[in-house]
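Engineer: Based on these hints, arrange chain B on the given structure of chain A.
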Amino acid sequence: MTNDHDGVRGLLAAWAVGALPPGDARTVPPHLAGCESCATEAERLRDTVRLLDGGPSDGRPPTSALNGSGSADGALAMALRSRGPRTPGVAPHAAPYAAAVAGLQALVRELDGRWGTPVVHDWDAQATVAHLIAADEHLAVALGVAPRLPASHIPEGTPAGDAWDRRTADVIAHEHTRTPEETVATWAAQAAALLATPEAWDPEPAARAVTVMGLRLPVTDHFVIRAFEAWIHTDDIGRALGLPVPPPPDKHLDHLVRLAVRILGLALHDAPPVLFEVTGPTDTSWVLGSGDDPVTAELTLDAVDFCLLVGGRYAPAEVPRAETGDTGAVRNVLETAAALAWL
Amino acid sequence: MVVPVEPTLEQPSIDVELHRRLVYGDESALREAYATYGGLVRRVAVRVTQSTAAAEDVAQEVFAQLWSRPYGFDPRRGSLRTWLSMLAHRRAVDWVRSESRHRKDARADDSALAAIPDTGPGPDEAVVDRERSLLLHTALAELPRTQREVVHLAYFAGRTYRQAAVELGIPEGTAKTRLRSALRKLAESLADPPDPASVRGA
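Top to bottom, those sequences are chains A and B. Per numbering that gives the first Met the number 0, residue 0 is the first one in the first sequence, and the count goes up by one each step. Per numbering that gives the first Met the number 0, residue 0 is the first one in the second sequence, and the count goes up by one each step.
Same shape as in the complex, but just chain A (with noise of 0.2 Å):
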């Protein structure tokens, strides 16, 4: 492709005025290194820039600049300074939740006069961020974490789903009478402060056992589920916006789908086998159900797509798939994926 003189030719116009897509741009250099007309040629092309661009004639080519040789480096540390950094330094476990709070704040910069915008259930984009709050909380208060907002009156023995829909509700009838940017406010402060803990920051005491909203899992899965939580919903009110919510980046992604495999072989332990795969950033295959039998059916689906399943934002039949063999093992599978219902 070096060779191609008039290729090379034709692009020395551009080239000068930077104006190269990337893939022709790697054309020029080695061309003109062993072609005098066309190095005589762009030179030429290059001072008539310096002459357009004002500047001191330096020599350098206006396509150095692409690579960010620019000065060093004021701009981008101011830039950054624009936001909040994502909390650096959590462990693995809670990294996932980290990347959702920054997502989710990254998404409600979009939604200035647009709280009302109607997103799940009966919830418009306030109502659902106070879920959050609600949802958060139990966490929170289980990692020694001062709740932010009054207390609901459950009484003892409420089943936990009844008691966590009534918090959910008590939460959202007290911001509906705050500022959507209150409950922004009080949200992140709580996301803050559960990041903050020392289980955020410490595999070992993430290590213990705590019972949050009937399910008894490590700290460390609470956090993914935390996560879980917070993007769903994220995606949710992107969805209501028009604006997609990319899905959390491949490690978390990865966090995500074991940890909802887990969960869900934990309700499949003596159901049909089936062989199971999730592909996506990291292919893997696990055999669900009892290990006594057969492989009856083999089940394929992609990770957002799982956990959008398993977030109850698909409906068993509709989730894209491949699958083979026993259809009743899979409907089950499927089924019980959706119905794990820990959102």
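These are calculated hints, taken from the structure and not from any lab test. The beta carbon of each residue, even a glycine, is placed where N, CA and C say it ideally should be. It is possible that part of the hints are untrue.
Said to hold, decoys possible - Simulated restraints on C-beta separations:
(1) V95(B) with T39(A): 33 to 39 Å
(2) P204(A) with G77(B): 45 to 51 Å
(3) R25(A) with G172(B): 15 to 21 Å
(4) R76(B) with K250(A): 25 to 31 Å
(5) G71(B) with P117(A): 19 to 25 Å
(6) S97(B) with P21(A): 31 to 37 Å
(7) G71(B) with T39(A): 40 to 46 Å
(8) E31(B) with T39(A): 31 to 37 Å
(9) P21(A) with R147(B): 22 to 28 Å
(10) R330(A) with E16(B): 32 to 38 Å
(11) G71(B) with T157(A): 41 to 47 Å
(12) G172(B) with A316(A): 48 to 54 Å
(13) R76(B) with D164(A): 35 to 41 Å
Structural biologist: Chain B only, in chain A's frame:
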């Protein structure tokens, strides 16, 4: 079964991935965007403002906006390169406008006028700057419209020649040729500005 990775267009998927990391607050994504496009953003800004200090401010604003409002960029609708250069262009034009407003205000006020040499560039420098930008303006105005359009997109607005061709609805080869003819013509008028006297004499 081994499913081959689908050949996708390189740039969009890179932008999609970068956007995803920006959304989730990954600082290294902003560093990467800055390393790739910081030069382009400055170049677009300096061409419009004729001031490296202003270009520095513009670059800071542009990348601050990308970082604090990542949803302002939608990778489905265009490349990050285009989005950043358009934003840089807009911010630079804003700067020029507010600058010319300042100048008007200053002219209305004699005491402010007296203060200018202390803060701004020296009077000689200012004169040279003004003459230069007038010269550039004239040289550009003398280009045929078709050439001026390509120069505007590829030089001032930071587009690649391909993007410029698409926006103008012309073949890529035509965009390249027009750009080359335009540079030749600009070289003539900038290097050897027409002297009114000699024009009359000829």
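Engineer: Would you mind marking each hint as holding or not holding in the structure?
Structural biologist: Evaluation of the provided hints:
Taking 33 to 39 Å as the suggested C-beta distance range, the pair V95(B) and T39(A) conforms, at roughly 36 Å. Checked against the given bound of 45 to 51 Å, the beta carbons of P204(A) and G77(B), roughly 47 Å apart, stay inside it. R25(A) and G172(B) have their C-beta atoms about 20 Å apart, which keeps the hinted 15 to 21 Å range intact. Our hint of 25 to 31 Å for R76(B) and K250(A) holds, since their Cβ atoms are close to 28 Å apart.
The hinted range of 19 to 25 Å is satisfied by G71(B) and P117(A), whose Cβ atoms lie roughly 24 Å apart. For S97(B) and P21(A), the Cβ-Cβ distance of about 34 Å falls inside the hinted range of 31 to 37 Å, so the restraint holds. Take G71(B) and T39(A): their Cβ atoms lie about 44 Å apart, and the range 40 to 46 Å holds. Distance hint check for E31(B) and T39(A): the Cβ-Cβ separation is about 36 Å, which falls inside the suggested range of 31 to 37 Å.
Under the hint 22 to 28 Å, the C-beta atoms of P21(A) and R147(B), about 26 Å apart, fit the expected range. Between R330(A) and E16(B) the Cβ separation comes to about 35 Å, which falls inside the hinted range of 32 to 38 Å. Look at G71(B) against T157(A): about 44 Å separates their beta carbons, and that is inside 41 to 47 Å. Between G172(B) and A316(A) the beta carbons are some 53 Å apart, a value that agrees with the proposed interval 48 to 54 Å.
The hint said 35 to 41 Å for the Cβ distance between R76(B) and D164(A), and at roughly 39 Å that hint holds.
The structure agrees with every numbered hint stated previously.
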